[in-house]
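Chemist: Dock chain B against the given chain A, drawing on the hints supplied.
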Amino acid sequence: MGEKVLITGNEAIAEAAIQAGCRFFFGYPITPQNKIPEYMSARMPQVGGCFVQAESELAAIYMVFGAAGAGARVMTSSSSPGISLKMEGISYIAGAELPCVIVNVMRGGPGLGGILPSQSDYFQATKGGGHGDYRLLVLAPSTVQEAADLMMDAFDLADKYRNPVMVLADGYIGQMMEPVEFKKRSSIPPPPKDWAITGAKGRPRNLIKTLYLDPEELEKHNIKLHRKYLEMAKNEVRVENYMTEDAEIVIAAYGTTARITKTAIKILREKGIKAGLIRPITLFPFPYKTFEEAAEKVDNILVVEMNMGQMVEDVKLAVCGKTKVHVDGRSGGMVPSYDEIAAQVEKIVERRL
Amino acid sequence: MGFYEDLIIAGFGGQGILFIGKLLAYAAMKEGRNVTWIPSYGPEMRGGTANCTVVVSDEEIGSPVITNPHSLIVMNNPSLEAFEPRLKTGGLLVVNTSLVTLQPKRDDITIVHVPANKIAIELGNDRAANMVMLGAYLARTKLVAEESILDALEKVLGKGKEELFEVNKAAFEKGTEIGRV
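One line per chain: the protein sequences are A and B, in this order.
The first sequence begins at 20 in the working numbering and counts up by one.
The second sequence begins at 215 in the working numbering and counts up by one.
Same shape as in the complex, but just chain A:
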């Protein structure tokens, strides 16, 4: 086992990216993720990489587009309002099928909102966000260790599918400190980037574009992208089942909310209520099958999220009316407490809801 260091989620995300071979970072500051660019500004020069604080979010995401097109391991990070500004570029990158990693350390919205933790960008992250028919592969860490691990995986997944990958964290994951061990990774070389724009010396030229004026050609492109998303759904779903084996009620939550739920489950079990947690780790592809199976065993699923109800729509899709789906959460930077979650579960179990 390697040595453990005590660092914030933001720093863990940045260091994991470096260790995963990321050598280009383009960003623009925003709370609560400023430690990521700050760390990168010091660390990138040490490894011969490139850090640019761009003049805007728009500029930053198109720098990512350029570096990814040239075959580099590249990332950007921001928080909710900044991610909205990047959405045009993200749509272009997805359309051009370029690998990159985008980190969103979510804060409350809409608009400028606040700076405290939130999960209100679930729709934006998982349903496209920018224009056009595309998806991001979305990873949601719930500990600082997992943020580091998923960050490393994110670059491999981006290369594997030639698709932008989003690491979707909330403000607490970014600001919190926990012990982290950076795991040595088996060095599977990434697939050759023979599509990259590198000067075309001695080979036919490569073309990276998103404009398809011929509708038949564009539809063909859309179908190709769609098949890729189906492949992701087949291969990449990740989910944690926590005490679901004997559960009479299942709670669905991800990120910080999921770990608060784990404490709520302890409280509930001490009172004799068998609650369990399904924690999606990939938000896209979503673990539909896990919820479908849970719906066969429990009468109630409670979705807890830091928004007014977004992931609940995917849970409802999964269970297809076979079980009751409730939603509970806080928004605006308010974080649900384990007592609130436990009380809500008790109400449901006592059939008061």
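Think of the hints as simulated: they come from the structure by calculation, not from any bench.
This one's a predicted model, so the numbers in the text were calculated from it and none came from an experiment.
Watch out, some of these pointers could steer you wrong.
[Stated by the list, open to error] Straight-line Cα separation of at most 35 Å, DSBU-like style, residue types lysine-lysine; simulated pairs: (1) Lys373(B) <-> Lys202(A); (2) Lys366(A) <-> Lys343(A); (3) Lys23(A) <-> Lys383(B); (4) Lys383(B) <-> Lys285(A); (5) Lys356(B) <-> Lys383(B); (6) Lys285(A) <-> Lys243(A); (7) Lys285(A) <-> Lys343(A); (8) Lys302(B) <-> Lys203(A); (9) Lys369(B) <-> Lys202(A); (10) Lys285(A) <-> Lys373(B); (11) Lys202(A) <-> Lys302(B); (12) Lys203(A) <-> Lys319(B); (13) Lys228(A) <-> Lys383(B); (14) Lys369(B) <-> Lys290(A); (15) Lys366(A) <-> Lys285(A); (16) Lys356(B) <-> Lys23(A); (17) Lys341(A) <-> Lys290(A); (18) Lys285(A) <-> Lys319(B); (19) Lys239(A) <-> Lys228(A); (20) Lys244(B) <-> Lys202(A); (21) Lys356(B) <-> Lys202(A); (22) Lys23(A) <-> Lys302(B); (23) Lys202(A) <-> Lys247(A); (24) Lys319(B) <-> Lys23(A); (25) Lys369(B) <-> Lys23(A).
[Said to hold, decoys possible] Label pairs and their in silico Cβ distance ranges: (26) Arg300(B) <-> Asn260(A): 28 to 36 Å; (27) Asp365(B) <-> Cys69(A): 32 to 40 Å; (28) Lys203(A) <-> Glu245(B): 19 to 27 Å; (29) Lys290(A) <-> Gly216(B): 17 to 25 Å; (30) Gly246(B) <-> Lys202(A): 15 to 23 Å; (31) Gly374(B) <-> Glu200(A): 24 to 32 Å; (32) Asp340(B) <-> Ala73(A): 41 to 49 Å.
[Stated by the list, open to error] Only some residues are given here: those of chain A computed to face chain B with a beta carbon under 10 Å: (33) Thr27; (34) Ile134; (35) Gly190.
Positions of the beta carbon are idealized from the N, C-alpha and C atoms, including for glycine.
Modeler: Relative to the frame of chain A, chain B by itself:
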């Protein structure tokens, strides 16, 4: 059930609130325990107050945010008002009597009175008041070994800060004496 402790440390920005939280977290990690440290980073910081929550456990840590903490270290009046009502029944309140002029209202908790700034000034550095508080807290809870805190302090301060280390160490040790009484 394995070992578990959670606490909130609260005071003014600049009192080293987040710092002693980090020392505790670091020392607990070095002793092989799971730990979370989470700072206040919201708009209340603009009002000049700071707090952090530290959880230490032998098991996987669920919530890093604590509604009713086992322990509370309080270094100013607003923090006493904000957090005393949230302390668990039977919990521990370590209060800096140099700056906290309000009286704690609860009678179902243990209260340790620490004139932290007075002691720190006597030792020659007012800014070490946080270490006095930390010492008093540790003497009561034995959350980590005192040596682990001093190791952490040495590492965090780094080389060339021997003078700073000595005054912080003295403040910490004075705090442990008060906590033990």
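Chemist: Is it true that the C-beta distance of Lys290(A) to Gly216(B) lies inside 17 to 25 Å, as the hint says?
Modeler: For Lys290(A) and Gly216(B) the Cβ distance comes to about 20 Å; the hint holds.
Chemist: Does the structure keep Lys356(B) and Lys202(A) at a Cα separation of 35 Å or less?
Modeler: 32 Å, holds
Chemist: Between Lys366(A) and Lys285(A), is the straight-line Cα distance small enough, at 35 Å or below?
Modeler: 17 Å, holds
Chemist: Taking 28 to 36 Å as the stated bounds, is the beta-carbon spacing between Arg300(B) and Asn260(A) within them?
Modeler: 33 Å, holds
Chemist: Taking 35 Å as the top limit, are the C-alpha atoms of Lys239(A) and Lys228(A) close enough?
Modeler: 15 Å, holds
Chemist: Verify the proposed pairing of Lys202(A) with Lys302(B), using a straight-line Cα cut of 35 Å.
Modeler: Given pair Lys202(A), Lys302(B) is violated - Cα atoms ~38 Å apart, limit 35 Å.
Chemist: Next pair to validate is Lys366(A) with Lys343(A); report whether the Cα-Cα distance is within 35 Å.
Modeler: Since the Cα atoms of Lys366(A) and Lys343(A) sit roughly 14 Å apart, the hinted pair holds (cutoff 35 Å).
Chemist: Lys285(A) and Lys373(B): Cα distance at most 35 Å?
Modeler: The given pair, whose Cα atoms are some 44 Å apart, is violated under the 35 Å limit.
Chemist: Quickly compare the C-alpha distance for Lys228(A) and Lys383(B) to 35 Å and report which way the hint goes.
Modeler: 63 Å, violated
Chemist: Should the hint that Lys203(A) and Glu245(B) are 19 to 27 Å apart at their CB atoms be regarded as holding?
Modeler: 25 Å, holds
Chemist: Given the hint that Lys319(B) pairs with Lys23(A), does the C-alpha gap stay at or below 35 Å?
Modeler: Violated: Lys319(B) and Lys23(A) sit about 41 Å apart, past 35 Å.
Chemist: Would the pair Lys285(A) and Lys319(B) pass a check requiring their Cα atoms to be no farther apart than 35 Å?
Modeler: 31 Å, holds
The structure shown violates the earlier hints numbered 4, 6, 8, 10, 11, 12, 13, 14 and 24.
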